[in-house]
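Here's the letter readout for the chains.
Number of protein chains: 2
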Amino acid sequence: MINKLIANIKKTNAPIVVGLDPMLSYVPEQVQKKAFAEYGETLEGAAEAIWQFNKEIVDHTADLIPAVKPQIAMYEQFGVPGLAAYEKTIAYCQSKGLAVIGDIKRGDIGSTSAAYAVGHLGRVQVGSKTYSGFHEDFATVNPYLGSDGVKPFLDVCREEKKGIFILVKTSNPSSGEFQDRMVEGRPLYELVGEKVAQWGSELMGDDYSYVGAVVGATYPEMGRTLRKIMPKSYILVPGYGAQGGRGKDLVDFFNEDGLGAIVNSSRGIIAAYKQEKYASFGAEHFGEASRQAVLDMVQDISGALEAAKA
Amino acid sequence: MINKLIANIKKTNAPIVVGLDPMLSYVPEQVQKKAFAEYGETLEGAAEAIWQFNKEIVDHTADLIPAVKPQIAMYEQFGVPGLAAYEKTIAYCQSKGLAVIGDIKRGDIGSTSAAYAVGHLGRVQVGSKTYSGFHEDFATVNPYLGSDGVKPFLDVCREEKKGIFILVKTSNPSSGEFQDRMVEGRPLYELVGEKVAQWGSELMGDDYSYVGAVVGATYPEMGRTLRKIMPKSYILVPGYGAQGGRGKDLVDFFNEDGLGAIVNSSRGIIAAYKQEKYASFGAEHFGEASRQAVLDMVQDISGALEAAKA
Chain X
375 MINKLIANIK KTNAPIVVGL DPMLSYVPEQ VQKKAFAEYG ETLEGAAEAI WQFNKEIVDH
435 TADLIPAVKP QIAMYEQFGV PGLAAYEKTI AYCQSKGLAV IGDIKRGDIG STSAAYAVGH
495 LGRVQVGSKT YSGFHEDFAT VNPYLGSDGV KPFLDVCREE KKGIFILVKT SNPSSGEFQD
555 RMVEGRPLYE LVGEKVAQWG SELMGDDYSY VGAVVGATYP EMGRTLRKIM PKSYILVPGY
615 GAQGGRGKDL VDFFNEDGLG AIVNSSRGII AAYKQEKYAS FGAEHFGEAS RQAVLDMVQD
675 ISGALEAAKA
Chain Y
375 MINKLIANIK KTNAPIVVGL DPMLSYVPEQ VQKKAFAEYG ETLEGAAEAI WQFNKEIVDH
435 TADLIPAVKP QIAMYEQFGV PGLAAYEKTI AYCQSKGLAV IGDIKRGDIG STSAAYAVGH
495 LGRVQVGSKT YSGFHEDFAT VNPYLGSDGV KPFLDVCREE KKGIFILVKT SNPSSGEFQD
555 RMVEGRPLYE LVGEKVAQWG SELMGDDYSY VGAVVGATYP EMGRTLRKIM PKSYILVPGY
615 GAQGGRGKDL VDFFNEDGLG AIVNSSRGII AAYKQEKYAS FGAEHFGEAS RQAVLDMVQD
675 ISGALEAAKA
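So the sequence lines, in the order shown, correspond to chains X and Y. Here the first sequence is numbered in this note's numbering, starting from 375 and rising by one per residue. Here the second sequence is numbered in this note's numbering, starting from 375 and rising by one per residue.
Hint data in this document are derived by calculation from the structure and do not stem from the laboratory. Please note that the accuracy of each hint is not assured.
Since the list gives no way to pick one copy over another, a pair counts as held whenever it fits inside one copy or between any two copies.
[Said to hold, decoys possible] As a list, the in silico DSBU-like pairs of lysine-lysine whose alpha-carbon atoms are at most 35 Å apart:
| hint | residue 1 | residue 2 |
| --- | --- | --- |
| 1 | K407 | K683 |
| 2 | K503 | K651 |
| 3 | K407 | K602 |
| 4 | K408 | K429 |
| 5 | K535 | K407 |
| 6 | K429 | K407 |
| 7 | K651 | K606 |
| 8 | K602 | K429 |
Sequences are here, hints too, so could you generate the full structure?
Rendered as structure tokens:
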């Protein structure tokens with residue numbers, strides 16, 4: 375699956391991923407109204423609204439992007455109907471040829487971590503049959519519980535040729551509270567990064583590993599260090615746009631082959647129509663506003679990468 | 375909700391929680407067969423099997439225990455139908471007066487963490503109405519992302535009078551890989567424990583805080599230290615039984631008031647009928663085997679607590 379992601383990135387020439395994190399407040403009124411008319415102001419109605427919202431955005435951007443990253447929390451808040459919309463979104467994106475990174479940040483131990491791995495990336499046995507509950511192509515994983523928690527994901531990735539991105543240095547302001555603490559003279563995130571490199575070395579695709587890392591755009595210096603510690607790991611970079619990261623901050627997350635990083639933007643793309651910059655599209659044409667925001671983001675990042683090469 | 379949990383513990387005189395973590399392999403054949411006859415060998419069939427399994431165990435143990443702890447991963451592996459069984463299990467346990475601790479180990483940042491908090495402990499707004507997606511009474515939370523990730527849970531707990539248990543020192547063998555790393559001369563888990571005490575001090579019930587901690591039974595010495603660092607936090611203790619913890623290891627997780635800890639057992643209770651010790655009940659009477667296993671566990675822990683007092 376890492377090979378497919380890279381092929382998609384090369385095809386689109388866009389090392390970006392669109393975060394499908396639909397807050398109900400991002401969904402234009404006309405979409406909400408239509409969903410509520412059909413299902414009422416219910417969890418089912420909310421799920422329908424976010425699904426229709428996603429579909430419109432995917433329809434307007436799928437040819438430009440290699441991947442999407444739905445944030446499961448935004449669906450889980452609407453209970454079981456919300457999670458049904460999550461699954462439907464994944465299936466739809468896959469039917470469009472996109473790689474789907476489930477931003478699930480799961481992490482537990484032993485058989486419990488195995489259950490998450492199976493539910494999201496693998497297949498669960500039911501009597502004589504098997505099923506793939508959520509069938510993402512990649513998932514994000516929280517490493518706080520150690521190797522026991524990560525290993526079941528590695529096993530499923532090996533079997534299914536799928537991938538994970540392990541949280542190393544997250545983009546939020548307080549990520550340093552634990553992740554930056556100095557351990558034997560080095561920050562904890564570096565030790566986690568070394569583990570990622572080690573876990574990843576056993577699970578190689580053609581050029582990059584199935585095991586990637588999450589490193590926030592808001593910490594470019596740490597990105598530079600981690601890039602070197604994990605040369606064969608793809609870095610999923612959140613924090614672009616709304617959280618403050620810019621194209622020029624991102625250059626060092628990439629390798630010299632121009633690969634090795636994929637930059638996420640969520641609100642900046644899916645709620646583009648709410649920004650002054652894209653206001654002229656109007657709420658009716660929110661999908662087109664998202665398309666323009668994707669084009670602008672790709673240009674910002676490509677421009678920065680080219681400027682760095684020159 | 376912490377007050378209700380403590381009232382339940384005093385009423386039952388049982389500082390334990392039954393982990394409803396139903397692997398399909400734990401579910402006796404007759405229960406699986408009946409579910410598959412109705413729904414086929416499908417995700418719906420698996421969900422029905424684990425729901426019927428849970429119901430039987432709850433019916434046989436609810437009068438003896440203060441709380442249950444369903445592990446969401448075991449439901450999530452069966453996709454959307456599995457999560458519907460998770461919600462149904464929660465509602466059923468609450469109707470029996472049990473406190474429900476959702477073992478979800480969620481943790482993200484900002485609005486994403488807020489979405490998890492809302493979906494599991496709070497209420498989500500849909501148009502003019504609000505809904506509680508999974509409505510657990512407590513949830514477990516992963517702190518690796520720092521205060522940003524925990525704060526949204528604290529906000530919802532304050533509003534809804536619900537509680538969380540933050541992962542401090544997990545019960546698994548490799549939990550030390552990151553959690554035990556020395557930071558300025560002290561292990562990371564102690565720093566997390568201090569944060570738990572600090573977060574908890576702002577959210578007090580009558581005697582204990584809404585903010586508790588997870589500390590594994592398999593690390594009794596660390597339990598002793600953490601008990602002192604977080605005197606007002608309830609400690610949720612996994613790792614009893616199947617993972618190796620025993621009653622005598624648990625004494626120091628409790629405060630002198632006999633409160634302050636709640637010990638989980640999952641497989642040891644729900645799959646008791648598979649143990650030699652309880653084999654005489656037979657798979658037909660798995661609920662009664664679970665009841666006996668609860669009685670034995672309470673006696674083991676109470677005995678150890680009394681021996682320690684003497």
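>> Reference check for the pair K429 and K407, CA-CA at most 35 Å: within, between, both, or neither?
In response: within (16 Å within a copy, 39 Å between copies)
> Taking 35 Å as the upper bound on the Cα-Cα distance, should K602 and K429 be classified as within, between, both, or neither?
Replying inline: Answer is neither: 38 Å inside a copy and 52 Å across each miss the 35 Å cutoff.
>> Within a copy, between copies, both or neither: which one fits K503 and K651 at a CA-CA cutoff of 35 Å?
In response: For K503 and K651, only the inter-copy Cα distance (33 Å) is at most 35 Å; the intra-copy one is 51 Å.
> Given a CA cutoff of 35 Å, do K535 and K407 count as a within-copy pair, a between-copy pair, both, or neither?
Replying inline: For K535 and K407, only the inter-copy Cα distance (33 Å) is at most 35 Å; the intra-copy one is 41 Å.
> Given identical chains, is K407 near K602, meaning Cα to Cα at most 35 Å, within a copy, between copies, both, or neither?
Replying inline: neither (50 Å within a copy, 54 Å between copies)
> From the Cα coordinates, with 35 Å as the cut-off, is the pair K651 and K606 best called within, between, both, or neither?
Replying inline: neither (37 Å within a copy, 50 Å between copies)
> For K408 vs K429, is the C-alpha pair at or below 35 Å within one copy, between two copies, both, or neither?
Replying inline: Answer is within; shortest intra-copy Cα gap is 14 Å, inter-copy 39 Å.
>> My question is about K407 and K683: at a cut-off of 35 Å on alpha-carbon distance, are they close within one copy, between copies, both, or neither?
In response: neither (49 Å within a copy, 64 Å between copies)
Going down the numbered hints, you'll see the structure goes against 1, 3, 7 and 8, while the others check out.
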